[in-house]
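Student: So the chains spell out like this:
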Amino acid sequence: MRLLPHWMRSARVLIGLSIIVVIALAAVFAPLLAPHDPNDQNLISTLLPPVWVPGGDPEFPLGTDSLGRDVLSRLIYGARVAMTVAVVASFGAMLLGGVLAHVAGYFGGKIDWLIGRIVDVWMSFPPVILSLILMVGLGTGLRNVILAIILVDWTRFCRVLRSEVLVVRRRDYVTAARLIGFTHWRTITREIVPATVPLLITLMSLEMGIAVIVEAILSFVGMSVSADTPAWGQMIADARQYVYQSSWNLIFPILAIFVTVFGFNLLGDGLRRTLDVRLTAVRT
Amino acid sequence: MILLLLVRRALISVVILFFVSALLFCILRLLPVDPAARSLPPMATIAEIEAKRREMGLDLPLPEQFMIWLGQVLHGDLGTSIHFRRSVVSLVGSTLPATIELAVSAMVIATALGLGGGLLLFATRETPAEPAVDFGSIVLLSIPEFLWGLFFILLFGVALGVLPFTGRLSPEFQRPMVTGFLLLDTLLVGRPDMFLDALKHMILPAFALGIAFSPAIMRVLRSSLLDVYHEDYIQQARLRGLSESRVLIRHGLKNAVLPTLSLMGVQFGILFGGTLLVEVIYSYPGLGNLMVDAVRNADLPIIQAVGLTYCIVVLIINTVVDALYMVLNPKLRIA
Numbered sequence: 001m002r003l004l005p006h007w008m009r010s011a012r013v014l015i016g017l018s019i020i021v022v023i024a025l026a027a028v029f030a031p032l033l034a035p036h037d038p039n040d041q042n043l044i045s046t047l048l049p050p051v052w053v054p055g056g057d058p059e060f061p062l063g064t065d066s067l068g069r070d071v072l073s074r075l076i077y078g079a080r081v082a083m084t085v086a087v088v089a090s091f092g093a094m095l096l097g098g099v100l101a102h103v104a105g106y107f108g109g110k111i112d113w114l115i116g117r118i119v120d121v122w123m124s125f126p127p128v129i130l131s132l133i134l135m136v137g138l139g140t141g142l143r144n145v146i147l148a149i150i151l152v153d154w155t156r157f158c159r160v161l162r163s164e165v166l167v168v169r170r171r172d173y174v175t176a177a178r179l180i181g182f183t184h185w186r187t188i189t190r191e192i193v194p195a196t197v198p199l200l201i202t203l204m205s206l207e208m209g210i211a212v213i214v215e216a217i218l219s220f221v222g223m224s225v226s227a228d229t230p231a232w233g234q235m236i237a238d239a240r241q242y243v244y245q246s247s248w249n250l251i252f253p254i255l256a257i258f259v260t261v262f263g264f265n266l267l268g269d270g271l272r273r274t275l276d277v278r279l280t281a282v283r284t
Numbered sequence: 285m286i287l288l289l290l291v292r293r294a295l296i297s298v299v300i301l302f303f304v305s306a307l308l309f310c311i312l313r314l315l316p317v318d319p320a321a322r323s324l325p326p327m328a329t330i331a332e333i334e335a336k337r338r339e340m341g342l343d344l345p346l347p348e349q350f351m352i353w354l355g356q357v358l359h360g361d362l363g364t365s366i367h368f369r370r371s372v373v374s375l376v377g378s379t380l381p382a383t384i385e386l387a388v389s390a391m392v393i394a395t396a397l398g399l400g401g402g403l404l405l406f407a408t409r410e411t412p413a414e415p416a417v418d419f420g421s422i423v424l425l426s427i428p429e430f431l432w433g434l435f436f437i438l439l440f441g442v443a444l445g446v447l448p449f450t451g452r453l454s455p456e457f458q459r460p461m462v463t464g465f466l467l468l469d470t471l472l473v474g475r476p477d478m479f480l481d482a483l484k485h486m487i488l489p490a491f492a493l494g495i496a497f498s499p500a501i502m503r504v505l506r507s508s509l510l511d512v513y514h515e516d517y518i519q520q521a522r523l524r525g526l527s528e529s530r531v532l533i534r535h536g537l538k539n540a541v542l543p544t545l546s547l548m549g550v551q552f553g554i555l556f557g558g559t560l561l562v563e564v565i566y567s568y569p570g571l572g573n574l575m576v577d578a579v580r581n582a583d584l585p586i587i588q589a590v591g592l593t594y595c596i597v598v599l600i601i602n603t604v605v606d607a608l609y610m611v612l613n614p615k616l617r618i619a
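Sequence lines, in order, name chains A and G. According to our numbering, the first sequence holds residues 1 to 284 in order. According to our numbering, the second sequence holds residues 285 to 619 in order.
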């Protein structure tokens with residue numbers, strides 16, 4: 001009776017995945033779901049509270065911001081930036097870090113030393129500082145935010161995966177593959193990568209959460225997407241200025257970021273527990 | 285033996301620092317903004333900008349520009365801010381102490397919460413409370429300092445109104461200048477009332493930053509304690525009749541603290557970078573706000589200097605933690 005693969009039966013994975021799917025669907029179908037255009041200003045009804053608070057207007061279920069824009073619509077559209085960055089940036093960081101980790105771990109020697117030292121230099125920059133500096137160099141915009149996150153976070157993958165590759169490389173079947181005449185490329189892609197994939201997937205899930213936070217931070221300080229693209233960090237920066245008039249505006253984007261990051265972390269933690277051969281071996 | 289390792293570690297840091305500054309220099313030279321044009325009035329002619337470019341050495345090849353810049357930095361000359369028209373050294377010097385005060389308070393809070401939480405996680409192992417506590421630690425792990433900061437403003441600043449959340453000092457006080465470290469200065473000039481006011485302003489940002497970095501410490505302490513408890517010497521200590529708390533303190537914690545310490549080194553480096561956001565959220569006049577202002581104004585000399593300062597502090601933190609690790613690790617005590 002195995003209707004579902006075993007990793008799908010973990011409560012963490014299921015809950016995490018459901019959260020992410022709901023947010024992803026909201027992002028994809030934003031034009032259908034959002035009651036208003038996220039940039040429509042309504043200067044007569046600014047800083048309205050949500051509908052369940054006295055003074056709320058059913059037309060704006062979660063209230064309006066300082067320019068009278070609908071908070072719910074901005075939240076839904078903001079999911080687009082967050083999810084795009086989460087998926088594309090973490091995939092890019094995985095690709096860059098993963099390739100370097102496999103090269104370093106598999107070939108060892110000088111090339112491993114060199115990649116290791118590059119990682120050392122990279123990691124002496126606090127991530128927030130490096131991403132800010134990169135944004136100054138690259139200029140704002142969605143593509144550059146993604147690029148900056150890739151260039152900052154590839155080290156997370158590189159470090160962890162390299163030590164995994166070192167372990168896998170010493171296994172007998174890898175030696176066997178080399179002995180029957182597999183090329184280096186074939187040994188890596190056919191024998192080593194399949195063994196590191198579980199770790200790769202786990203790291204990527206955690207990285208997606210990190211990417212969401214980094215994008216929110218960059219848009220909070222005004223160094224991310226342009227001002228006419230709604231982003232959660234921007235909404236927070238705007239609401240921070242009117243915190244005394246309306247604290248609701250601050251609560252919703254905070255919740256959105258928290259729930260998204262929590263979903264990714266739960267998924268990552270669940271995957272780590274179910275996909276990690278060592279952990280499952282102990283339990284069964 | 286240890287001394288040799290320490291010297292080696294310090295030398296590695298210096299080499300890393302060289303490459304870090306080269307990297308920083310290269311990234312900022314990609315900038316589409318022309319620093320020569322920005323440091324002149326808007327009416328400047330093309331010829332004047334060209335002259336300024338030559339004067340600033342911007343027409344030289346990149347490696348040569350880097351060596352000139354590095355030479356100046358080594359002589360303590362970080363240039364002049366384009367926006368503030370002040371020496372960058374004095375700007376960094378006047379904001380760095382505030383950031384250090386914030387970072388150190390946050391580190392103390394993170395360590396206390398991290399160790400306490402780790403022990404709690406460990407104490408609830410294999411009990412019905414384990415899933416709940418474990419779940420709680422994932423929730424905590426999902427909240428970055430950025431969100432804690434905003435949450436605290438909403439709760440303690442706006443809803444309860446018990447703590448201030450902008451700046452470092454209430455406007456009625458005149459900031460004393462002795463060492464540059466405000467908490468210390470208020471005590472040195474004998475103003476306990478001002479000290480309390482400064483401390484109040486510090487509570488929310490320091491807790492926001494400290495709480496955000498504690499879950500990682502908790503989880504690593506728990507897993508290293510779990511590892512240690514698989515060792516035979518724990519069983520032997522119990523057989524010798526030691527109480528559980530004695531086993532934990534004398535044998536468990538003593539061995540679990542090393543991996544925790546090396547994680548804390550990495551975490552504190554990141555924490556120091558995390559001060560940037562907390563400073564922006566709380567309008568706290570430190571390095572972070574200086575950096576964000578500089579980024580918005582494309583003020584190259586400041587960005588370069590502040591970026592370098594962050595890296596230097598992170599390297600110092602990492603070196604100190606590594607040194608501590610070497611001194612505490614009995615395996616390195618041979619010979």
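I should point out that these hints are in silico values taken from the structure, not numbers from a laboratory. Owing to the predicted nature of the structure, the values given are computational and were not obtained by experimental measurement. Cβ coordinates follow ideal geometry from the N, Cα and C atoms, glycine included. Watch out, some of these pointers could steer you wrong.
[Said to hold, decoys possible] Partial pick of chain G residues on the chain A-facing surface, computed with a CB cut under 7 angstroms:
# : residue
1 : PRO428
2 : PHE479
3 : VAL576
[Unchecked claim] Computed footprint of chain G on chain A; a stretch qualifies when at least three of its residues, placed anywhere within it, have a C-beta under 8 angstroms from a C-beta of chain G:
# : region
4 : 46-53
5 : 69-75
6 : 90-99
7 : 250-263
Student: Each hint needs a verdict: does it hold in this structure or not?
Tutor: Taking the hints in turn, this is what the structure says about them:
1. Nearest Cβ of chain A to the Cβ of PRO428(G): about 5 angstroms, under the 7 angstroms cut. The hint holds.
2. Against a cut-off of 7 angstroms between C-beta atoms, the interface hint on PHE479(G) is violated, since the closest Cβ of chain A lies about 27 angstroms away.
3. The interface hint given for VAL576(G) holds, since its Cβ lies 5 angstroms from the closest Cβ of chain A, which is under the 7 angstroms cut-off.
4. Three residues within the 8 angstroms Cβ limit are the bar, and the region 46-53 of chain A against chain G gives 0, so the coverage statement is violated.
5. Counting residues of the region 69-75 of chain A whose beta carbon lies closer than 8 angstroms to any beta carbon of chain G gives 0, which falls below the threshold of three, so the coverage claim is violated.
6. Under a criterion of three residues with beta carbons nearer than 8 angstroms to beta carbons of chain G, the stated coverage of the region 90-99 of chain A fails, only 0 such residues being counted.
7. With 7 residues having a Cβ less than 8 angstroms from any Cβ of chain G, the region 250-263 of chain A passes the three-residue criterion, so the hint holds.
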